[in-house]
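Asker: As a plain string of letters, each chain reads:
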Amino acid sequence: MFRFMKRMSRKAGLPPGTLVHLGDKPTEAVTIRLIQYNSETLVEEDVQDIGACEPEKMPDGITWINIDGTHQVEVIEKMGRHLGLHPLTLEDMVNGYQRPKLEEFENYIFLTLKMLSYDTEKNELGMENASLVIGADYVLSVHEKAGHVFAPIRERLRKARGRIRKKGVDYLYYALIDAIVDNYFGVLEKMGEEIERLEEELLENPGTPTLQQIHDIKRELIFLRKSVWPLREVISALKREDSGLIQETTRIYLQDVYDHTIQVMDTVETFRDMVSSMLDIYLSMVSNRMNEVMKVLTIMASIFIPLTFIAGIYGMNFEIMPELKWPWGYPMVWAVVVLIGGVMVL
Amino acid sequence: MFRFMKRMSRKAGLPPGTLVHLGDKPTEAVTIRLIQYNSETLVEEDVQDIGACEPEKMPDGITWINIDGTHQVEVIEKMGRHLGLHPLTLEDMVNGYQRPKLEEFENYIFLTLKMLSYDTEKNELGMENASLVIGADYVLSVHEKAGHVFAPIRERLRKARGRIRKKGVDYLYYALIDAIVDNYFGVLEKMGEEIERLEEELLENPGTPTLQQIHDIKRELIFLRKSVWPLREVISALKREDSGLIQETTRIYLQDVYDHTIQVMDTVETFRDMVSSMLDIYLSMVSNRMNEVMKVLTIMASIFIPLTFIAGIYGMNFEIMPELKWPWGYPMVWAVVVLIGGVMVL
Amino acid sequence: MFRFMKRMSRKAGLPPGTLVHLGDKPTEAVTIRLIQYNSETLVEEDVQDIGACEPEKMPDGITWINIDGTHQVEVIEKMGRHLGLHPLTLEDMVNGYQRPKLEEFENYIFLTLKMLSYDTEKNELGMENASLVIGADYVLSVHEKAGHVFAPIRERLRKARGRIRKKGVDYLYYALIDAIVDNYFGVLEKMGEEIERLEEELLENPGTPTLQQIHDIKRELIFLRKSVWPLREVISALKREDSGLIQETTRIYLQDVYDHTIQVMDTVETFRDMVSSMLDIYLSMVSNRMNEVMKVLTIMASIFIPLTFIAGIYGMNFEIMPELKWPWGYPMVWAVVVLIGGVMVL
Amino acid sequence: MFRFMKRMSRKAGLPPGTLVHLGDKPTEAVTIRLIQYNSETLVEEDVQDIGACEPEKMPDGITWINIDGTHQVEVIEKMGRHLGLHPLTLEDMVNGYQRPKLEEFENYIFLTLKMLSYDTEKNELGMENASLVIGADYVLSVHEKAGHVFAPIRERLRKARGRIRKKGVDYLYYALIDAIVDNYFGVLEKMGEEIERLEEELLENPGTPTLQQIHDIKRELIFLRKSVWPLREVISALKREDSGLIQETTRIYLQDVYDHTIQVMDTVETFRDMVSSMLDIYLSMVSNRMNEVMKVLTIMASIFIPLTFIAGIYGMNFEIMPELKWPWGYPMVWAVVVLIGGVMVL
Amino acid sequence: MFRFMKRMSRKAGLPPGTLVHLGDKPTEAVTIRLIQYNSETLVEEDVQDIGACEPEKMPDGITWINIDGTHQVEVIEKMGRHLGLHPLTLEDMVNGYQRPKLEEFENYIFLTLKMLSYDTEKNELGMENASLVIGADYVLSVHEKAGHVFAPIRERLRKARGRIRKKGVDYLYYALIDAIVDNYFGVLEKMGEEIERLEEELLENPGTPTLQQIHDIKRELIFLRKSVWPLREVISALKREDSGLIQETTRIYLQDVYDHTIQVMDTVETFRDMVSSMLDIYLSMVSNRMNEVMKVLTIMASIFIPLTFIAGIYGMNFEIMPELKWPWGYPMVWAVVVLIGGVMVL
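So the sequence lines, in the order shown, correspond to chains V, B, E, U and L.
Here the first sequence is numbered in my numbering, starting from 157 and rising by one per residue.
Here the second sequence is numbered in my numbering, starting from 157 and rising by one per residue.
Here the third sequence is numbered in my numbering, starting from 157 and rising by one per residue.
Here the fourth sequence is numbered in my numbering, starting from 157 and rising by one per residue.
Here the fifth sequence is numbered in my numbering, starting from 157 and rising by one per residue.
If you are wondering where the hints come from, they were derived from the structure by calculation, not from laboratory data.
Among the hints, erroneous ones may be present.
For identical chains, the list gives no copy identity; a pair is met inside one copy or between any two copies.
Unchecked claim - Taking lysine-lysine pairs in the DSSO-like style, the calculated list, with each CA pair at most 27 Å apart, reads:
hint	residue 1	residue 2
1	Lys346	Lys374
2	Lys234	Lys322
3	Lys451	Lys481
4	Lys346	Lys451
5	Lys315	Lys234
Using the sequences and the accompanying hints, generate a full structural model.
Answerer: Right, dumping it as structure tokens:
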């Protein structure tokens, strides 16, 4: 469960800028996909040779380099040298536990975010890092693992749908960020459904597994919140940055993304409030049920213990017990028993 | 219950500015009502043709276009093109889960709020979106569903009551916002009554349904709070904006609306404090009642268990038990029983 | 109990500036008391005719108009027109649920506060609105109900005690605010005594009524806090305002009032912390007592249930039970009983 | 226990600047001690006549007037007039419930703090007010009660230890503040020891007295926090003030005091966190112990209740009960009893 | 456990700048290690004579003086005089309870941090102070105890690995801070593992020791948080300082350290959230288990108490009890017993 913070200490003692891959190590090879386009043409290819990623090849063209997989640090290092990125940027790219942040450098902006997924089978939140670099005429996107979040953007580029082919490199940059943030809503929806299901279970038939599941989702939310909070700051810093890489007309779209991050944060806070409240309800439900159980016990005991005492009295073997000889003694005991029992029930 | 956040993810992957209606889909057709007035005349009509909404038709007149229903996105789109609104504005208008916000554009201000209703039968909070656009000589109001919140304003316009006919388009804009915010008080009042009822139930006869109702209202408050918090910011931004669309004399009225939103927020926070406190009280009441039950059980058991033991002793069949032969044996047992019972009761 | 927020919605739909009295409706008539003074003379009278309230009547004089009762809105309206007050100011004056606030207008400052009282019989907090307007040469004070808070100031004015007769209109304004805030300490003291009493009850003999009283005082504190928090802001704004109505030498006195409001807020927060902690203690006490009860039950049951079993064994009617024939059988049973009983007690 | 907020309301209705002593009334007389020194000489005397406190008497000398006791308000009043202090300053000096604050006047700075003590016998926090005034060439210190906090400074002055005799009046001012804040650490240490003792008691043998003591220390911390929070602000304001009374070289020492107040606040917050957590632990411990008790009861009852039933069966007096006649009937019952008992124990 | 705040009061009453060692007193002697280097040469030696620490000895060289142990205050004092440090700086260096802080002096910057360690045997957090001074051409590092945190940096210096030998004194300063902060991750990882272990124990087999361990780790986190919070401020102040001692190119590395401190803080907050949630779960688990126990008891009692009563009835010795004579009486009782028992089980 602490998968989000394991082996953070592996880098202690190394000089800054040393590339150490932190995170799960997938087995697939790293793939580099190059898309170059302008409003007329679009070229798309999987490249092996990083040298092929020449932004200058297409006149007035925009180059989008997408790397899936960060576990082969030498690929990242070569690409970094090719594009003139700072060693600290590369270090952050390969660190799967990197907190979302934005850094402006002389000739590029570096931004790293979390990408989320939710496994509805195991009710487990997945997180991976995504780094986005924007330069004068290129965008570099680096994923920890292969994923499908950018597929609709590739589709829009290929089919020249929307404004995307006509706009500049900053619009592509925005579109990628937007795709990642939009993807959060799907994850939140799945978590919302799980919370809803738990809530029903809680009010109908709460047991120890319910408690464990509430605890699990609470923990997922703690981690989710930790990933989402810095996002707001990051997008807000991007809106305000003044490097010249982001054009004025794109800022309104960034404002839109910003609104979405606020909505994501709101929803996470709402979920947290709900789950907290569920724990209180659980405790109340358990107390309630104990109350029911105790009432049954008390009623049974209060009725039958005095009756058993009366039966015990007349089971005594004293030689002189006048009642035992009365002809109506036995029916009288029954009468008393019924009387006492009736009073107790009331 | 999660009706306030369902299907938020439907838009993921679409280009920005694509109009997708999010929210419940009512079956009624979208209606457009056009009111044009100046201090002398007022013309009111339901229009089909959006082209008829010509602000310029009446000299020195103010045009108020009101659209009820956002599920026919093409109507919104046409109107948007007609009035020169940004695609992102239109996208927010048809998104029923949009967070309240204010955006200034070159020639209009866009503001979106939540409208509340409270179903006292089901104790359920209703929310819908309302968008308000102010331009140089028109106000456009868009509701998710048809409603009666603006009816008093229409009445005041028709009867030329108050200052409204003599003031500018910004005063109309203020009046619409004021109507929405004033409407909150009615909803809060109904929730307050429900909380009060629950409080009495809690102290008189708390049961599992009380718990569930406390939980329900707590959740309603979580959602309500999420809708009300951004309101303060929005109204505060409107007060301070400097586009020239809002005149100086109207600002004091906006300050008044601002005070109301603060009061709404205060009340929501007060309700939250109360409901939180009710959960604590519930737990204490349950513990208290368990205590009562346990006391009864303990008293019954402590009195009768020793007595039954005594009766059991003299029910033994030993051949030599001298007490059984004593003439006063049986009365003595009774004496002991009464004595022990009396001591125990004390 | 929700008396502090009832019928807030009565005004929805009315044009702004419509005077609607919100709050309890007392039966007494509204009284207007006029005091005019300078350092030499003082004239005091109850007036019927609002036109008599002429600030100009006394040269270099200060006019203090005090209105007790806001339920006759026409009186307020007339006075407002007489003094040239904005309709929104008048609307706030007659709204008994108005949140404390300060508003600067061109030629006057409007300030509204809560006045508190505490009914020690019912342990109920009372709140009413007080509005204070300062103009160039007059102060207008409006109370929701008649009260005695300003009596010492009238006394000081009549007897020319302290600096008050020699100072300007802003000093009178300060003196009235100071009287209201000073009055809070008395209310807090009474609540403090009630909390102290509850605390003793809690540790000595807690029951369901204790719980209810803790709940009641907690709610009173929620409302009290809501009224006191905005006060700080209001006084702070008054200190900083620059309309020329408040002189430099008076600001140090306003700082003093500000310090008092901070102390009031501190005390309210302290009370809240205490009452919250009392709820926790209550729950612990109840659990503790249940523990005691359960221990008694367990001891009784653990001792007598095995003994009763032994007695039961020798009450069986088997034909062949050798122990029954032993001469020492019966004493042996007693010995075993005493032995087991003794062991159990240990 | 509410000794920190009693009779706050005694002053309501009096004109501002009226000196009313609030707080405990000690019986000893007020003492005034005058120390005048420069780098060569030092004169120290107890004075009766306030007129003797002439800062000008010693050329280039620094005058330190220390007053122990504020209950004779006329002494404070005379001294105030002698030194030219504002009536509001004097009012604050004699108010034992005054919140820590700093006020700059034209020719002096007034600062009031809380002095703490901790009675380890009764585990009771003591608080008294200390006021410090710095003028051009004098420092006036006023204590609510006589105390020993300034003794080391007198010693350092007499023996000319450290820098104190060579530095200006602002350094003396700093030294007095430093002495008061340093004294807090001793009080916190004693509270820390008490918390530690309670923590051990809690985990070893918690009872109702433990609960009461946790509650008591929690309340002490609430009051302590209330006194310490404003301190930070006060020292921070002193660091930044620009009246010319504090020299540049002294500011680094004030920064040091400021660091200490932060550490004091940190420690108080830490204590609060700990005590809060102790209440939770207490509740868990009580539940835990109840669990143990219930387990014993359940085990006893589950074993012996079925056995007693079996014995009861064979105690019935039916004429035809075949088992009673079996020669092995009685041993068989024992066998069944041992069997059932054994199974139950498992 | 209160080892982090013991004897803080030892210094009360002493003049400021008096060096008093606060903290544990190790027995080893204080060691001073001198490293001087430029891009070509490196000299490393353990020195006795503080006079040997001449920054000027190596042209264009950087001097790093490292002192292990602060308990011999005279060593610190001599070094301080040698390098021209302010007495307050020296006082802070030897105070083991010093809160992390940054102070800029005319010709040096002083920074003090906490160094952490975690004893996995005892699950105990260790803390010690580290002070770092940067001057024009030297860095002074002072540790409370000898440690290995700086070993990798010495190694990098010796082997001229990374940029460190080519960069200025500010880069060395950064490298030392970075080493301390990186070391935090290891400690957090160990605590995370302990929390994970406790979480499993909690859901599988919670007992009083679990509770105590949760309480222990909660307290460790309270202290950890207190040490980590000021760190953020300190590093942030260092980033922004403008003394000329920190070069522009080093700031980006400080930003990197800053990001790490944010991540450390995030993790501490996450741990706190988790441990808080564990206490709630514990309480729920205990209630749950009590519920189970009570159910068993209630089932046993509800079944057998009525049955025992029936057996008691027919154990009575009345002369006239017709059922006793019925031939099918005894089997009928058994039938009733089985019937009632069966119904009860259902």
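Asker: Each hint should be assessed against the structure and marked as holding or not.
Answerer: Tested hints:
no.	hint	result
1	Lys346 / Lys374	both (14 Å within a copy, 22 Å between copies)
2	Lys234 / Lys322	between (31 Å within a copy, 24 Å between copies)
3	Lys451 / Lys481	neither (39 Å within a copy, 39 Å between copies)
4	Lys346 / Lys451	neither (40 Å within a copy, 36 Å between copies)
5	Lys315 / Lys234	between (32 Å within a copy, 25 Å between copies)
Of the numbered hints given earlier, the model fails hints 3 and 4; all others are met.
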